[in-house]
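Trainee: Take the sequences, apply the hints, and build the full model.
Residue 121 in numbering that gives the first Met the number 0 sits at position 122 of the sequence shown; the count goes up by one each step and never skips.
Rather than coming from a laboratory, the hints here were simulated on the basis of the structure. Any given hint could be a false lead.
Computed spacing ranges between beta-carbons, pair by pair [to be verified]:
hint	residue 1	residue 2	range
1	Gly204	Gly96	22 to 30 Å
2	Ser120	His27	35 to 43 Å
3	Leu107	Pro317	34 to 42 Å
4	Asp279	Asp223	14 to 22 Å
5	Val112	Thr2	41 to 49 Å
6	Ser144	Leu259	22 to 30 Å
7	Glu224	Glu283	19 to 27 Å
8	Glu224	Ala23	20 to 28 Å
9	Thr113	Leu313	37 to 45 Å
The C-beta atom is built at its ideal place from N, Cα and C for all residues, glycine as well.
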Amino acid sequence: MPTYGFKLMTELHGPAALLRQARAAEEHGFGFLGISDHIHPWLDSHEHSPFAWSVLGAIAEVTESVELITMVTCPTGRYHPAVVAQMAATIGVMSDGRFTLGLGTGELLNEHVTGRRWPTSDERQEHLGEVIEAIQSLYEGGFRSYRGRHVDIVDTRIYDLPDTPVPLAIAAGGPRAATLAGSAGVGLVATDADSSIVEAFTAAGGDRARTYTEVSLAWHQDEDEGRRLAHERFRFGALGWTVLPELPNVTNFVAATELLTPEQVGEQIPHGPDPKQHADAIKEYLDAGFEHVAVLPVGDDLDGFLRFWDDELLPLLP
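Mentor: Given below as structure tokens:
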């Protein structure tokens with residue numbers, strides 16, 4: 000049976016709102032909470048981007064059983080892998096082992112802020128592979144050093160570790176990264192309903208039970224308003240993963256999407272009040288083989304969305 004989660008999008012909501020969402024999602028039976036980890040939002044209509052790790056610490060304290068996962072953290076730019084390992088271990092301790100560290104190669108939007116050169120896609124993948132090895136080493140306990148082409152860690156110990164090592168999951172936009180995740184023995188995070196990604200992951204030894212994805216849902220009682228919200232807040236997603244990592248700031252994303260119409264975006268994002276439209280979108284990801292599916296509400300009416308989820312949408316899902 001699939002597990003349904005709730006995506007906390009830090010680009011759309013401030014810290015207090017994210018905490019309210021986390022508590023409400025647990026009360027309504029969601030199995031896990033995913034959270035984005037950015038320093039910048041995608042569009043100027045988003046208006047937020049709090050520090051995800053501060054929010055996670057608070058969430059760990061105000062929730063009891065729901066699983067937590069970053070979707071995802073880039074450990075190769077504004078963060079050093081040793082610092083990421085420490086942050087994740089702390090959340091693992093605070094949550095009593097409910098935390099999974101989702102990792103990805105990042106976007107220029109967030110990682111350019113340190114002034115470092117933006118690596119090529121091949122370099123980013125290679126770098127991420129070293130990060131996995133380095134963090135796994137630190138989670139074995141004791142003082143550890145790691146020397147790679149991209150990652151150096153010298154005489155470092157993470158003192159506060161959870162009883163079991165924090166599980167890792169890797170974001171994949173295609174079979175190559177999915178193969179890396181499977182061969183490294185970690186989970187998979189992907190945003191496309193593409194069965195080839197899941198198949199590459201499992202073929203490399205990955206456990207299908209550790210596959211995560213998310214689906215944006217522009218629910219609203221009025222279909223036109225739902226379409227408008229989808230266009231206003233999520234048209235950046237139409238650019239695809241060959242473009243999304245390469246643009247440096249909000250202004251570029253606004254310019255790159257200015258010709259997209261609400262109708263075009265509405266063809267990609269389920270919107271409005273019809274539960275079947277939303278259920279069909281979720282089922283595409285289930286059919287592709289994902290076991291953990293997070294829903295991401297595009298609008299601001301949390302209570303209305305949760306009523307819709309409980310009463311109309313969830314009964315249509317397996």
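Trainee: Would you mind marking each hint as holding or not holding in the structure?
Mentor: Structure-based check of all given hints:
1. Gly204 x Gly96: 22 to 30 Å: Roughly 23 Å apart at Cβ, these two residues keep to the hinted range, so it holds.
2. Ser120 x His27: 35 to 43 Å: holds (39 Å)
3. Leu107 x Pro317: 34 to 42 Å: Distance hint for Leu107, Pro317 holds at roughly 38 Å.
4. Asp279 x Asp223: 14 to 22 Å: The hinted range 14 to 22 Å holds for Asp279 and Asp223, with Cβ atoms some 20 Å apart.
5. Val112 x Thr2: 41 to 49 Å: violated (34 Å)
6. Ser144 x Leu259: 22 to 30 Å: Violated, since Ser144 and Leu259 (Cβ atoms, about 48 Å apart) do not stay within the stated range.
7. Glu224 x Glu283: 19 to 27 Å: holds (24 Å)
8. Glu224 x Ala23: 20 to 28 Å: At 22 Å between Cβs, range holds.
9. Thr113 x Leu313: 37 to 45 Å: holds (42 Å)
Consistency with the previously given hints fails for numbers 5 and 6, ordered from lowest to highest.
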